[in-house]
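Visitor: This is what each chain is made of:
Protein chains: 4
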Amino acid sequence: MGAMTEPATVFAEPRRGRPRSADADVAILAAALALAVEVGVRALSMDEVASRAGVSKATIYRRWSSKEALILDALRSAIEPVGAVDHGSLGADLRHYLSDMTARMTVSRGDVLPHLIEVACYDPAIRTSLDDWVRHRRAPLLAILERGVERGELPVDTDVELLLDALIGPFVYRRLLTGGAIDESVVERLLALVLPGI
Amino acid sequence: MGAMTEPATVFAEPRRGRPRSADADVAILAAALALAVEVGVRALSMDEVASRAGVSKATIYRRWSSKEALILDALRSAIEPVGAVDHGSLGADLRHYLSDMTARMTVSRGDVLPHLIEVACYDPAIRTSLDDWVRHRRAPLLAILERGVERGELPVDTDVELLLDALIGPFVYRRLLTGGAIDESVVERLLALVLPGI
Amino acid sequence: MGAMTEPATVFAEPRRGRPRSADADVAILAAALALAVEVGVRALSMDEVASRAGVSKATIYRRWSSKEALILDALRSAIEPVGAVDHGSLGADLRHYLSDMTARMTVSRGDVLPHLIEVACYDPAIRTSLDDWVRHRRAPLLAILERGVERGELPVDTDVELLLDALIGPFVYRRLLTGGAIDESVVERLLALVLPGI
Amino acid sequence: MGAMTEPATVFAEPRRGRPRSADADVAILAAALALAVEVGVRALSMDEVASRAGVSKATIYRRWSSKEALILDALRSAIEPVGAVDHGSLGADLRHYLSDMTARMTVSRGDVLPHLIEVACYDPAIRTSLDDWVRHRRAPLLAILERGVERGELPVDTDVELLLDALIGPFVYRRLLTGGAIDESVVERLLALVLPGI
DNA sequence: GATTAACCGAGACGGTACGTCACGTCTTTAA
DNA sequence: TTAAAGACGTGACGTACCGTCTCGGTTAATC
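Protein chains in written order, with this note's numbering: chain A, 1 to 198; chain B, 1001 to 1198; chain C, 2001 to 2198; chain D, 3001 to 3198.
In short, the hints are calculated from the structure, not lab data.
Heads up, the beta-carbon is just placed ideally off N, CA and C, and yes, glycines get one too.
Worth double-checking, as some hints may not be accurate.
Claimed, not checked - FRET-style restraints, in silico, Cβ to Cβ:
| no. | chain 1 | residue 1 | chain 2 | residue 2 | range |
| --- | --- | --- | --- | --- | --- |
| 1 | A | Lys57 | C | Arg2104 | 42 to 52 Å |
| 2 | C | Ile2198 | D | Asp3157 | 36 to 46 Å |
| 3 | B | Pro1196 | A | Thr106 | 53 to 63 Å |
| 4 | C | Glu2048 | D | Thr3106 | 31 to 41 Å |
To be verified - Listed next, the stretches of chain A that the computed footprint assigns to chain B, with coverage defined by at least 3 CB atoms under 8 Å from CB atoms of chain B:
| no. | stretch |
| --- | --- |
| 5 | 96-105 |
| 6 | 163-170 |
Generate coordinates for the entire structure from the input sequences, incorporating the hints supplied.
Guide: Have a look at this one:
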């Protein structure tokens, strides 16, 4: 719950007063997610979220400082990262990760991420939170590449970060800007281009 | 002026009544651009644009169909594409193009493009217009790569589109999502990764 | 339209731009009055007024600066003052005026005036407007008393203002505070007490 | 403590459990009164009263059923009625009472009573409580007038209630509505008008 | 001494209304 | 016909206050 004003997960001294309802947390996030899927992030209104969650607006604003903070958390709660499975070889690991990623890119509505990217330009808190989320999603791929270096499948002096960006960047670019194809064949051709030996 | 409802530049039959003011076009675009820079795209309001341009809102909406259409045109009018100079070799051309592009990425405020990307998710007209713009900006790089094929610097069966995405994508990805470094050294290292022989 | 921000009745230089809708004025006042009667002033909400008048809240707030300013104007538009009829004698005039006044006091819901009195304590604009209204309603009785002085039915040195307060005050006091009887017989007994000769 | 849900002062059977804190009673009333004077009754909020009194809102609502009930009690606790002194003659008694009353009217902020009057229109409990308070404040004057009848200074068939209203009403009327003068000279002139012989 | 019942401060809760803002459209008069 | 000015309906925003409800913890009278 990164963007929350006071994360409920951190337990400090026993809080005084009536504790915040955990049910409300769940109901709000669920309502926000459902609405985002149904009508899109742009048309999502806090009144409607409150109404669906059976909660007052004040209860939402007690937890999240803005609409976008809520959306970010809702998104985060919904998307689990690609699993970090080890298939024994760099090629197999990469193919698995990238296929999974492209499948997700194709399925989901395209408006949540663009919305968050924009908001992050104005709201530092969202910026931080979005950065965390990106880091979290990159982690498995980073592990795959580092394992490749350890195994000797990649040179010791590989710039892992840049390699990662070269593998992910083209898909993000197509998704957000060019509208170009995103599928298995592109994965194969990109791998052939960037990592010819694999 | 791609998104305009009726482009003033195209002259059809001589129209009746008071002609549209050409000054207004300029003033509106200038005001929109200035505001976008000052307060950001998100906080830009049409009332304020009208007020700054010394123009009524109706005058704006007679020319552009929506706020985003105006912003898109304002953006377009401000950014001239990277020049299509021929330096004689693929390596020189690429280095020139990418350096220029990274320089622009570093300088400009980062909020106009993200905003348009988001809006394009909802508004097909903006989608089309944004696609045009992207195509327009990709054109010089596409020409460079095709020239490379003609010169024999690249294999004949090169997937030029994918190669282009592999060169641009990482920068877009860093710019919009990871916040990673964007500079000359990255250009060099990316070229070394994707086109080792250059 | 005393409390309006810019009274539409005062014509200064010809106003530019779209003029304010006179229909909206009427509809808003009517809706406010109807609601005040139905649910009371306290339970009257601006959203409901707007909805009933088929008007947006912004349109209301463009004309009146607050809920209370609107209520005051609505009240004023609804209550015509007691007619200033001349029955030929002080006694007849007074009996007519006071009977009429007591009848109105008994009929109307009792919450509008109390509400305005309270709000006037905090809002100087309402204060002024309420004072005007009170002056306006006192005028006929003042005329009656002054006519009594001219006719010689009252001493030349009569403190007309105080006499007026002595005739009205008891009724106001009963209405607002004691809940005491307000009827014809009280009018007679009060006249016998304050103006024994009449 | 008239409006209290369960008056602490009346001791019935000894209650079980922790007794209510008498300190809290005092602190709450003091805070309410201070706030009413500072910001006015309208802007007085229960959260702020609770905060100032160092008390929880629940503690307040355990004692008073509503904001207005609290305000009424706070008002009552602050204003002691005019003393019922016997100066030997009707004229002296009246002059003393009315002078005292006018002095209080001039001094105190004018917003507490108007507020209560309004609320009493909607809340029967406040209505009852306010009526009690009014009766309590009228009592000394009523005694004065009845003593006047006993002494023979007033006719035996005097309508004492109406006479009282004729003496008080004009001041209340001026205070709440006309904004007219309230001072010693008015007292004298009113007495000369209503009770010429005194 | 243990139990129990009512209290306590803190503060979260659902609800409701507030007054503001921006959008894109509409209606004036003037050029 | 277009222009500037500005009012219009729509609909969401985030805030404030109401009176109620949990919390963990305290304070007497009763057992």
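Visitor: Which numbered hints are broken by the structure, listed smallest first?
Guide: 2, 3, 5
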